[in-house]
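Colleague: Take a look at the letters that make up each chain.
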Amino acid sequence: MLLEVFRRLAAFDALEEYRYVGFGSVWFSDFILFHRAIGIRHMLSIEKSVTSRDRFEANKPFNIDVDYRPSSAVLPEMSYDRRQFIWLDYDDPITVDMLRDVATVASHARSGSVLAVSVQCHAVPDISEAEREASKDPLAASAEERFKARMGDRVPSDLSRAQLKSWPLGELSRRLFTSEIEISLEKRRLASPSNALHFKPICEFEYEDGAKMTTMVGVFFDPGEEDRLDACRFDQLEFLANAGGAIYIPTPKMTVKEFRYLEKQLPLPPGRELDLGFIPRGEAGDFAKMYRYFPNFAVVES
Amino acid sequence: MLEGELGENEIDAAPTKSFFIDMLTRDIPLDQAILDLVDNSVDGAKSLRAINGTEDFEGLWVKVEFGRDRFRIIDNCGGFDRQAAKTYAFKFGRPEGAKRTPHSIGQFGVGMKRALFKFGRHFVVRSATIQDAWQVTVPVDQWEVTAGWHFPITELDEDAKVSSEAPGTEIEVNVLRPEVASRFGFSTFENGIFDLIKSKHRQFISEGLSISVNGRHVDATNLALLVNEGLNPGTQNLRFQEESKEPVDVRIIVAVGPSNPRQAGWYVACNGRVILEADRSVVTGWGLLEEQANRTVIPSYHNQFARFRGLVFFDSQDSSQVPWNTTKTGVDQDNKFWQATFERMIEMMRPVIDFLNELDADIEEHSRDESPLNQFVTRSNVINPDGLRVSTAFRAPPRSNFVKGPRMVKIQYSRPIIDVDVLRDAFDVESAKGVGEATFDDALRRFKR
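From first to last, the protein sequence lines are chains H and D.
First residue of the first sequence? That's 977 in our numbering, and the numbers climb one at a time after it.
First residue of the second sequence? That's 525 in our numbering, and the numbers climb one at a time after it.
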C-alpha cells in the first residue's frame, strides 16, 4: 500500500529524484520492492543494531547507504535536500523518542516529502509494569500514571486505561504523532514563515502481524506547491474507498495454492463474483480489494 | 511620546508605553499569567465567602477558555466595583492605603494587567457586583500611541455575560499576539494548564471551587500520606510576626507517601495557593539531602526517595507577609520567615530520610518482595494532610520490630548457563535462583553441625 502512495508522488516530482529512508532489517524487503517496482535510486537504511553490521553489508541487495546508528542520531543529521519518502517502521509501542524523531522530520522536511510511521499498538509496557508492582504494593502508580509520566503534557491526565492497548492505543498513537508533527510545523512557521509547510494526512491502517500494529501516512507540502499535491490524487487511492478513519487490513489465513486460485481471477470483471472454491468466506473476505497489498513477500519472490 | 515642560538641564526619563509593556510582560511565562487571572477569581471567591459567612466555595465557578483566536476567563465570584477598578485593578502597582482583600493571593496589583498585555493587542474587562457594573475596553495599539496613562471606563455592553443579577468578572482578549495564539492552539499547552491549575489551586478546588479549562472540569487531587501502627507524619506549627503587621502562621508536615517519584519532594503553599510542588531543588531541603548523600538524588519508582513528602503552608491575613516571589513561581529566599522555616524543614526532614534509608536497607537484605518493613509500608493507610493540625513528632517503627527469623544476606554470582543447566537437572529445580539455593543447602549439610 505504501508502494501505491509512493507511486502517486510522481505527480509531485520525478521519483528518481526522491530518496527512500527506512529501517533496514536484513531482508531489505521494502528497499527491494521500491527499487524494482518504481525505480527508486537513492536509499538510506537506518539500522540501530551495530553488532550485525557485517551481516547487513553481506545482505545488501544493491547500493544502499546504511547508517548504523539509532534513528534519534541519524534523523537530525541526515540531508533533507531531496524530497523523501520516510518510513519509520518501529517494532514497539509509542515512546517519546519516536515522537521526537517525527518532530525532527517535520522541522526539516522538504515539500513533497512523505512520512509513514508504524508502531505496535498491542499494549504499552506500562500496563504489565503496573500490574507487577500492584501485586506487591497496592498504592503503586497505575498504568495510566506511568504512561502520563513518560508522555508529559502530550496526553491529558484523565487518560483512560482502555486507551493503553489494542485499537484505542493505535488511535491514540496516531493522534500523538499527528499533534507532534503539527506542533513542530507551527514552531517552524513561527521561526521562519517562508520555510513553512503544511502536513496532510493520506491514510491510516490497522493490521495484525502477530501483534496489533498501526500505520499513519501523510505528506508535507509548501502551500505554493499545492497544485502538485492535488495532482497526486491521493484521495483516489483504491483502498480508501469508504474511508474516514483507519483502514483495517485483514491477514487471511490461506495456503499459497488458495491464494493463487483467487489471484488468478483478479481483477474481477464488473458484475462477476469471486469464486471461492473451498476457501471459507471469512478468510477470503475483502480479498478482491486488498489482494495487491498483502505483505506476503514469500509469494512475491516465488 | 509624552510632552512636558523640560528645563534645559533636565532629561525626560518618562518611560514609553511600549517599553513599559515589554518590561512588564517579560518576567512572566504564559502559563503563569493564566494562573494569575485564576488567582484573581479565587480572591473574589474568598471575599464572597467572608461576606456571606459560608464555609467553602460551593456554587462558585471559574471558566478558562483559550484557543488560536482568543482568550477568555469568566467567573461568578462577586466581581469588583468601579472604585476597585479605579484605585487598583487598573493601576500599575498597588497604592498605599488601597483596600486589601484579607488573605488574598493576587496581591501585587500587577497580575491582571501583565497577563492581558502579554496575551494580545485588544482586551475587554467586564465586571459586575450586586450594586455596580462596568467595563474597560483597551485597543492596545491605539493606547500605546496616545498620550496619558488612563483607560476609559464605560457601561456594560448589552450582551455582557456578567451583570448585577449574575455578579462576576469576564475578561476577554480577542486579538492575540501570534506566538501566544500559536501556543494557545497546542493540545500540550492546554494539558499543561489543566495540570497546573489542578496542582496550584488544589486547595480551593477541594473546598468546592469549580474550575474548568476549555470545558474540562478540573477535578480535585489529594496528596496521599501514609499512616500505620507506629507510623505517622510529623507536624509543626509556627507563628511569626513583624511589628505592627499581621502574623504569619506556618504549618510544616513531613511524611512517607506512596512510591511515586513524580510526587516526591516539598510542597509549599501561601494563603492556599501552591507555589512549589514536588520540589526537589536546593531551594527546599532536598538540596541538603543531596549534599549529604554527596550526589544528585533522583527519586525513581524503586528507590526510597520516591516516598518522601514535605508540605509547608504559610497563611496570613496580609498577603505581603508570606514569602512568595512576585510571579508566585517560587519563594523569596531572602525573606526571614522563610529562612527560619527552612531550618525547621531540614530538622523535620531528617528522621523521615533516616527511616527511608532503613527501608532501603531492609529491601536490599530481603528483596522487595520479602522485606517485612516494605510490606508494612505498602499495607499502610492513606490520609489527607488537611486533617493534620496538631503538632506531632514524626514516628516510624524501627527495623528491629520486623525481624523475621535470622538475619539474611544475599549471595549473588554468575556462572555459564550450560553449567547451571546441568545442576538444574541434577537438583530438579526450575530456576537459576533454585540452583543457588539447592547447592548452598547441599554444601551446608556437609559442614554444619
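Hints are computed from structural coordinates only; laboratory data are not their basis.
Any given hint could turn out to be false.
Claimed, not checked - List of simulated lysine-lysine pairs, DSS-like, C-alpha gap at most 30 Å:
id : chain 1 : residue 1 : chain 2 : residue 2
1  : H       : 1036      : H       : 1188
2  : D       : 769       : D       : 860
3  : D       : 972       : D       : 860
4  : H       : 1024      : H       : 1036
5  : D       : 587       : D       : 769
6  : D       : 934       : H       : 1112
7  : H       : 1141      : D       : 722
8  : H       : 1240      : H       : 1229
9  : D       : 972       : D       : 934
10 : H       : 1163      : D       : 587
11 : D       : 722       : H       : 1163
12 : H       : 1112      : D       : 541
13 : H       : 1188      : H       : 1233
14 : H       : 1188      : H       : 1229
15 : D       : 541       : H       : 1163
16 : D       : 541       : D       : 610
Stated by the list, open to error - According to the in silico footprint, chain H covers these stretches of chain D (three or more CB under 8 Å from chain H):
id : segment
17 : 694-707
18 : 717-729
Here a beta-carbon is modelled for each residue, glycine too, at the ideal position from N, C-alpha and C.
Colleague: The structure should be examined with respect to each hint, and the outcome stated for every one.
Modeller: Against the structure, the hints:
Taking the CA atoms of residue 1036/H and residue 1188/H, the gap is near 29 Å; set against the 30 Å cutoff, the hint holds. The suggested pairing of residue 769/D with residue 860/D holds, with an alpha-carbon distance near 14 Å, which does not exceed 30 Å. For a cut-off of 30 Å, the pair hint linking residue 972/D to residue 860/D is broken: about 65 Å separates their Cα positions. Pair hint residue 1024/H plus residue 1036/H holds up; C-alpha atoms about 16 Å apart against a cutoff of 30 Å.
Among the hinted pairs, residue 587/D with residue 769/D is inconsistent with the structure: their alpha-carbon atoms are about 35 Å apart, more than 30 Å. Annotation: proposed proximity of residue 934/D to residue 1112/H holds, straight-line Cα distance about 20 Å (limit 30 Å). Restraint check for residue 1141/H and residue 722/D: satisfied, since their Cα atoms lie roughly 27 Å apart, inside the 30 Å limit. About 18 Å separates the Cα atoms of residue 1240/H and residue 1229/H, which keeps this hinted pair within 30 Å; it holds.
Among the hinted pairs, residue 972/D with residue 934/D is consistent with the structure: their alpha-carbon atoms are about 19 Å apart, no more than 30 Å. Our distance criterion of 30 Å between C-alpha atoms is met by residue 1163/H and residue 587/D, whose separation comes to about 28 Å. Proximity of residue 722/D to residue 1163/H is assessed by CA-CA distance (about 27 Å); at most 30 Å being required, the pair is judged to hold. Taken as a hint, the residue 1112/H and residue 541/D pair is broken in the structure, with Cα atoms around 62 Å apart against an allowance of 30 Å.
Taken as a hint, the residue 1188/H and residue 1233/H pair is honoured in the structure, with Cα atoms around 27 Å apart against an allowance of 30 Å. Between the alpha carbons of residue 1188/H and residue 1229/H the distance comes to roughly 16 Å, so the proposed pair stays at or under 30 Å and holds. Only pairs whose Cα atoms come within 30 Å are accepted, and residue 541/D paired with residue 1163/H is accepted, the gap being roughly 29 Å. Pair hint residue 541/D plus residue 610/D holds up; C-alpha atoms about 19 Å apart against a cutoff of 30 Å.
Given a C-beta distance limit of less than 8 Å, the hint that chain H covers the segment 694-707 of chain D holds, as 3 residues qualify and 3 suffice. As drawn, the segment 717-729 of chain D meets chain H at 3 residues by the rule of a beta-carbon pair under 8 Å; at three or more, the given contact holds.
Of the numbered hints given earlier, the model fails hints 3, 5 and 12; all others are met.
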